[in-house]
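From just these sequences and the hints, can you work out the full model?
Numbering (UniProt numbering), first residue to last: 1 to 305.
Treat the hints as calculated values from the structure; they're not laboratory data. Since the structure is predicted, the reported quantities are computational estimates derived from the model, not experimental observations. Watch out, some of these pointers could steer you wrong.
[To be verified] Straight-line C-alpha distance at most 25 Å; calculated DSS-like pairs for lysine-lysine:
(1) Lys219 / Lys272
(2) Lys116 / Lys219
(3) Lys116 / Lys224
(4) Lys284 / Lys272
(5) Lys255 / Lys271
(6) Lys94 / Lys2
(7) Lys255 / Lys2
(8) Lys52 / Lys83
(9) Lys59 / Lys2
(10) Lys94 / Lys83
(11) Lys255 / Lys219
(12) Lys83 / Lys116
(13) Lys277 / Lys59
(14) Lys94 / Lys52
(15) Lys59 / Lys83
(16) Lys2 / Lys284
(17) Lys255 / Lys284
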Amino acid sequence: MKAKLGMSPIAWWNDDLAELSDDVSLEECLAQSRSAGFTGMEMGRRFPSDPKIMLPILKEADVTLCGGWFSGTLVDEDMARNKDRIQPMIDLFKAVNAPCIVYGEVGRSIQGDRSKPLATKPRLSDDEMKAYARRLTQFGEWCAEQGMPLSYHHHMAAVVETEPELDTFMRYSGEGIPLLLDAGHLAFAGGDVLRAIDNHHRRINHVHVKDVRMGVIEKLDRQKQSFLDAVALGAFTVPGDGSLDFGAIVERLAKYGYEGWFVVEAEQDPKKNPPLKMAQVGYKELMRVMTAAGYTVATQGFPHA
Numbered sequence: 001m002k003a004k005l006g007m008s009p010i011a012w013w014n015d016d017l018a019e020l021s022d023d024v025s026l027e028e029c030l031a032q033s034r035s036a037g038f039t040g041m042e043m044g045r046r047f048p049s050d051p052k053i054m055l056p057i058l059k060e061a062d063v064t065l066c067g068g069w070f071s072g073t074l075v076d077e078d079m080a081r082n083k084d085r086i087q088p089m090i091d092l093f094k095a096v097n098a099p100c101i102v103y104g105e106v107g108r109s110i111q112g113d114r115s116k117p118l119a120t121k122p123r124l125s126d127d128e129m130k131a132y133a134r135r136l137t138q139f140g141e142w143c144a145e146q147g148m149p150l151s152y153h154h155h156m157a158a159v160v161e162t163e164p165e166l167d168t169f170m171r172y173s174g175e176g177i178p179l180l181l182d183a184g185h186l187a188f189a190g191g192d193v194l195r196a197i198d199n200h201h202r203r204i205n206h207v208h209v210k211d212v213r214m215g216v217i218e219k220l221d222r223q224k225q226s227f228l229d230a231v232a233l234g235a236f237t238v239p240g241d242g243s244l245d246f247g248a249i250v251e252r253l254a255k256y257g258y259e260g261w262f263v264v265e266a267e268q269d270p271k272k273n274p275p276l277k278m279a280q281v282g283y284k285e286l287m288r289v290m291t292a293a294g295y296t297v298a299t300q301g302f303p304h305a
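Here it is, written out as structure tokens:
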């Protein structure tokens with residue numbers, strides 16, 4: 001089985017918490033990640049939006065664009081508005097041959113609001129979830145028809161956060177909206193990562209290998225502290241530095257034949273946790289567990305003609 005290892009630039013620059021960002025250029029971010037062994041990078045705010053500018057930068061770094069976040073609002077806003085907003089991203093991602101766009105629901109979400117405690121996260125009624133899931137399926141089908149599949153990201157402080165919410169969303173949605181499995185977000189929400197893989201492996205097309213520090217999470221006061229408070233306190237980290245058993249997680253994905261990207265997305269303070277060092281720790285642990293699970297990990301980054 002084949003796999004690719006990527007990173008998210010959120011380890012270098014945090015879009016929601018400016019204080020958790022290093023003054024590092026895009027080129028240096030790519031160079032550090034590549035030197036640690038990663039062949040892909042998800043899109044961040046310092047990436048150019050013009051493929052004619054982006055492709056030479058990726059080629060120079062020997063890195064592939066392996067995804068990127070779209071702030072979707074389908075829980076509240078209509079399909080047409082979301083189509084208009086995502087179309088330039090579809091065009092860009094097709095031009096640079098990215099595998100998928102990560103759909104993150106920000107409608108009603110409190111993930112970016114430090115004044116909103118975790119306990120106040122939005123909740124959908126069964127009827128609301130059913131309608132939402134059907135809209136997402138239609139939207140995912142439309143994006144795939146344009147030539148770029150989506151990957152739905154369940155997320156802390158959003159409308160699909162917990163394992164039961166994920167199960168309900170998956171039950172009401174269809175094959176048209178594939179799933180991004182994020183081990184860290186599911187564990188933070190109290191879910192069972194292995195059970196989620198068992199239940200939803202047929203729809204998983206992208207994986208975030210985010211680790212968590214359960215000691216930090218267990219001490220949170222969810223009536224007072226927000227998602228961003230948790231991030232600032234160090235709730236997330238890279239595989240090999242946290243509480244999750246990625247040997248078991250990767251083995252379970254291998255059991256079901258998952259092939260594709262495993263992306264390290266670990267937002268934390270770069271001064272306390274230098275991104276290059278964290279990238280090296282994450283890569284070493286992932287190579288250990290992926291080799292044990294029978295994966296052959298790609299070593300080539302930018303595709304050569």
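Results for each hint:
1. Lys219 / Lys272: Distance ~20 Å between Lys219 and Lys272 Cα, so the pair holds.
2. Lys116 / Lys219: holds, 17 Å
3. Lys116 / Lys224: Roughly 8 Å between the alpha carbons, so the hint for Lys116 and Lys224 holds.
4. Lys284 / Lys272: holds, 20 Å
5. Lys255 / Lys271: violated, 38 Å
6. Lys94 / Lys2: holds, 22 Å
7. Lys255 / Lys2: holds, 13 Å
8. Lys52 / Lys83: Distance of about 23 Å is within 25 Å: holds.
9. Lys59 / Lys2: holds, 22 Å
10. Lys94 / Lys83: Holds, at about 16 Å.
11. Lys255 / Lys219: Violated, because 34 Å separates the two Cα atoms, which is more than 25 Å.
12. Lys83 / Lys116: Since the Cα atoms of Lys83 and Lys116 sit roughly 29 Å apart, the hinted pair is violated (cutoff 25 Å).
13. Lys277 / Lys59: Between Lys277 and Lys59 the Cα gap is close to 23 Å, so the pair holds against 25 Å.
14. Lys94 / Lys52: This hinted pair holds, its Cα atoms lying about 12 Å apart.
15. Lys59 / Lys83: Distance ~30 Å between Lys59 and Lys83 Cα, so the pair is violated.
16. Lys2 / Lys284: holds, 17 Å
17. Lys255 / Lys284: Holds, at roughly 22 Å.
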